[in-house]
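Asker: For reference, the chains in residue letters:
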Amino acid sequence: MNVSRESFDVIVVGGGHAGIEAALAASRLGKSTLLITMETKALGRASCNPAIGGLAKGHLVREIDALGGEMAKATDQTGIQFKMLNRSKGRAVWSPRAQIDKKAYSSYMVDVCTNQQGLEIYEGEATSVISSNEGTKITGVMTRAGRAFGCEALILTNGTFLNGLIHIGNESFSAGRIGESASVGITESLVALGFETGRLKTGTPPRIKRDSVDFSKTTIQAGDQQPEPFSFSTRDFDPPNEYCYITNTNEKTHAIINGGLEFSPLFTGVIQGVGPRYCPSIEDKVVRFAEKTSHQLFLEPEWTDANQLYVNGFSSSLPEEVQLNSLRSVPGLEKVEFIRPGYAIEYDFFPPSQLKATMETKRVKGLFFAGQINGTSGYEEAASQGLIAGINACRSIGGSDPFVLERSEAYIGVLIDDLITKDTDEPYRMFTSRAEHRLLLRYDNAHFRLAEKGYRLGLTEKALYEDVENQKRLASKTETYFNSTYIKPEIINGLVETQTTVKESQTLANILKRPGVTVADIQSILPNWVNDLSPALLTLIATNTKYSGYIERERQQVERLSKHQTMSIPDTVDYLSMQAVSFEARQKLDKIRPETIGQASRISGVTPADVSLLIILIKKIVSRETR
Amino acid sequence: MLPFDEDTIVAISTPPGIGGLAVVRISGPLALDTISQYFTSPQELTPRYATYGKLKHADLSEGEFDDCIVTFFKGPHSVTGEDLVEISIHGGAYLQQKLLEVLLRAPGLRAASAGEFTFRSFLSGRIDLSRAEAVADLIHAKDKAAHKNARNQFLGNLRLLVDSMSDKLIHSLTVLEAELDFSDQEIDFSPPQALIDPLSEIKTTAEALLDTYFYGRRLEEGIRVPLVGAPNSGKSSLFNLLLGEERAIVTAQAGTTRDTIEKAIVVAGHSIILVDTAGLRETQSEAELSGVDRSLDEIDNADLVILVHAPDTETSIPDELIHTPQIAVFNKIDLVSDHPRDMDIYLSCATGEGLDLLKKSLYTQVVNMINEGVGGVVLNSERHRDVFVRFRGQIATCLDSIRGELGPEYIASDLRLALDILGEITGKTTPDDILNQIFSGFCVGK
Ligand SMILES: Nc1nc2c(ncn2[C@@H]2O[C@H](COP(=O)(O)OP(=O)(O)OP(=O)(O)O)[C@@H](O)[C@H]2O)c(=O)[nH]1
Ligand SMILES: [Mg+2]
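Chain order of the listed sequences is A and B. For the first sequence, position 621 (counting from the first letter as 1) is numbered 621 according to this note's numbering, and the numbering increases by one without interruption. For the second sequence, position 52 (counting from the first letter as 1) is numbered 1052 according to this note's numbering, and the numbering increases by one without interruption.
Derived from the structure by calculation, the hints contain no laboratory data. Just so it is clear, the structure is predicted and the values come from calculations on it, not from any experiment. Check each hint, because a few of them may be wrong.
[To be verified] In silico lysine-lysine, DSS-like type, Cα no more than 27 Å apart, as pairs:
id: 1; chain 1: A; residue 1: Lys619; chain 2: B; residue 2: Lys1074
id: 2; chain 1: A; residue 1: Lys462; chain 2: A; residue 2: Lys472
id: 3; chain 1: B; residue 1: Lys1056; chain 2: A; residue 2: Lys89
id: 4; chain 1: A; residue 1: Lys619; chain 2: A; residue 2: Lys356
id: 5; chain 1: A; residue 1: Lys103; chain 2: A; residue 2: Lys73
id: 6; chain 1: A; residue 1: Lys292; chain 2: B; residue 2: Lys1074
id: 7; chain 1: A; residue 1: Lys422; chain 2: B; residue 2: Lys1168
Work the whole structure out from these sequences, hints included.
Answerer: Written out as structure tokens, the structure reads:
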């Protein structure tokens, strides 16, 4: 593809989930944008499992949609099975998940990117960053072909490609993903600028031939009968509902795996990078949980009509032969054939404590990192960061205020705050338990929380924003109605089965608050204008009403986390000389160099007493400087 | 200290133990609301004017707080920059403590941590920046003192107990969180109902601990042991013998002791305040009468009473004594040969016979009181008591939520709050602590 010029406002390196959101956001915000990728047709390639969303991740995708990102729309268009997880739990932890058609997903993204106004694509490999002012300001990027591009802001989203090293048994070779070459040079040029780097590891399971599986020995898993789309703007949603299949490993499988451990790069110490505990390889599971005689495996289609299945739960870096033999002991997989074996990959990452909340590096102005390069895992985590980096790259060029989401506003806020204040020692994945204000951050209210912000940024479409505003009005009208409408006891007792009969009139809200009562139970006494609301909106309103006590309590807690949270810390502060602050805290603060008191308070090892002292000392420094 | 916290805090702000005037301060958004529920006065509270009146509350006895002066400072024009109420009362440690306890029962109030008032003053800009260093030193010093205290046997044991409660809670929370974050995996989750037993146990422990509070306070201030009996029964003589010095006046005349005299001795490692009192009898003498009144007050306030009988005096046991543990002593055994049967100790101050037995009995009583604590722990600080009162309430909320079959994320929210409260003693539990538990306890990962 021809590139029209030598210099852009924003350059994004990498066309994965982070890179795509970053590049789309930047170009949609009116900045001239260049996306550098090794291969255009690999844009949006899902390198691991063929699924988007899931627990906590589904929340991220909804938030991306509310802020004007692309991931939710792409999923709705190319999903082949949709399922709401945690449906038996309360609404706050419901989370949508979809199996996607990987090929369709990627080509959808190729389509969107190539048609995006203001976005150009360069096929090639970025090999080093170019900077000025003694390496404190970014000015461009150099490619393998020797072509240099200038820019105001550079967003690096290199994924697992930086010095990627794939392991299968005793073999290891350089690659970014299987069949794609690694990226060499960027790490070294960043280290030369003073960045700290580390190694992480992740893995992927084998892909098998569909026609080698005996499905009669597996259990079918289908999606929801009435699927919900991810995107607020998706209409007439009628996606396919393709099957996944469940089978289980057994003691024989485990014995074969145990027999192959001497060839495992994980156990022989060849792999140095740290892998995620929540996504362990099968050999890890067999060793660490030796008492478990069986592990569940999910066979997931990689795309429609594919003769290729993904063996979820069987990620491995054992030699191909061991993988194959052990898998053949699993019911239904006796005659299984591989398309390719599972593998582990080690790659460079940059500890994200080197970033500001905008995803810009503290060290080099105009340089942003997003995605796996920051030590995260998951498509959704990557896309979230890409979106925020893209937005802030544009804002830094225009000199606008940074766009930062609070922990109480969005999972994306939790994600980024965690990244920059924690010392990640394993790939970071989002969990609902990481969000202390989880009850406020539901998947179904993502648009209520964020669409207005996205619209003001200039990313979220006007129609979507207006739709959300309209729904907000309806919701508050209905909530008021629920709180002020009294129902006579004889009517209530006829409607809902409760242990105790009701003796006095009660509001609709209080009826909804009774254990086990849902909005469906009271539908017959609701006026038409309420029953005519869309089921999704009505459920959202009912949830707000039912759990209003908890929601109110959370709000109060958020309010109490007040003013000093946002007090900013000058970047010249010398922590090491703060004798009054505990030694551990001084070391941590000096390493991470938080931007605000709020961030400082969340660094592990920094006690509330340390934070109090910090506030005092910083006020003193600031007053001295302004004198 | 929680620098982000906008709670309303309360503390005694006169140095402890100093008699005369005492000042209790409330600072924060609820200060004015709270005081208006307790304070009655012909005048309205006006910012920066001292208002005279009385404090009324079901838990305060009639007349106890009749002469109070309350001054209200409207934020930001107060030392803390927030709404601030100062209550000046007459009276010693006992009344201050009582007022503090009553105030801490008001909704939304919490005991201030060390240095918290000063810190708020600093944040509001009320303390000159040049004194910032001094404030820093103060917090630092308090921090150090806390560490030093932690080595103290009681605090050390308290810490162990709280840690074990906190571990149990984390375990409960882990069960819930694992189900919320990994429900798509094949883990055998136990239902929230399984948490009822462990949580009830934690609640029982918290209650038992709260029950030790009164006694814990006494350990801190000294266990009060008055010597009570008829005039001339030998109370002052026994008092002097136990002290090992001639502190009280002893005469053959009935009605010698008028004012109470107190002096601390150490028994079983604890401070015991012996109080010599006026002999109890009907009398016309005004001075003696008020002495008798004081004796009755002492009995009211006693942890243990030594009731002194003698062959040559007639003891009338006052009503006040019914609920108080006591040691019945029969004195002057050198004078007579047959003794009444129902006494605990028989001794003679003149010969010293039997004194050892009394000392042994005192020792046993004190040791028994200590063992009443929970695992050797008694609550003796108002702040700790406040934490446990809120903690117990929050655990009760958790149990209600489980029984009301709320979703696990709501129960988890209740549990997290309970952990946060406990965290005011142990330090905060972070989401990573919970995730670490999940990863080490469950095989997760697809
Ligand atoms: N023989 C004998 N006399 C005693 C003994 N103990 C006290 N006395 C005498 O009893 C008299 C009264 O003793 P106090 O110690 O003053 O008695 P009290 O109970 O303090 O009397 P009030 O202060 O007047 O209530 C004194 O003369 C003592 O010497 C004893 O064990 N034996
Ligand atoms: Mg006397």
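Asker: Given the hint that lysine 292/A pairs with lysine 1074/B, test it: the Cα-Cα distance must not exceed 27 Å.
Answerer: Status violated; Cα separation ~64 Å.
Asker: Checking one constraint from the list: CA of lysine 619/A to CA of lysine 1074/B, max 27 Å. Satisfied?
Answerer: 24 Å, holds
Asker: Below or equal to 27 Å on CA atoms is what counts here, so check lysine 103/A against lysine 73/A.
Answerer: Distance of about 15 Å is within 27 Å: holds.
Asker: Just to be careful, I want the Cα atoms of lysine 1056/B and lysine 89/A compared with a cutoff of 27 Å; is the pair within it?
Answerer: 48 Å, violated
Asker: Does the alpha-carbon distance linking lysine 619/A and lysine 356/A stay inside the 27 Å limit?
Answerer: At roughly 21 Å apart (the allowed maximum being 27 Å), lysine 356/A and lysine 619/A satisfy the hint.
Asker: Does lysine 422/A pair with lysine 1168/B here, judged by a C-alpha cut-off of 27 Å?
Answerer: Within the cut-off at roughly 26 Å; holds.
Asker: Given the proposed pairing of lysine 462/A with lysine 472/A, does the C-alpha separation stay at or below 27 Å?
Answerer: Between lysine 462/A and lysine 472/A the Cα gap is close to 15 Å, so the pair holds against 27 Å.
In summary, the structure is inconsistent with hints 3 and 6 from the numbered list given earlier, while agreeing with the others.
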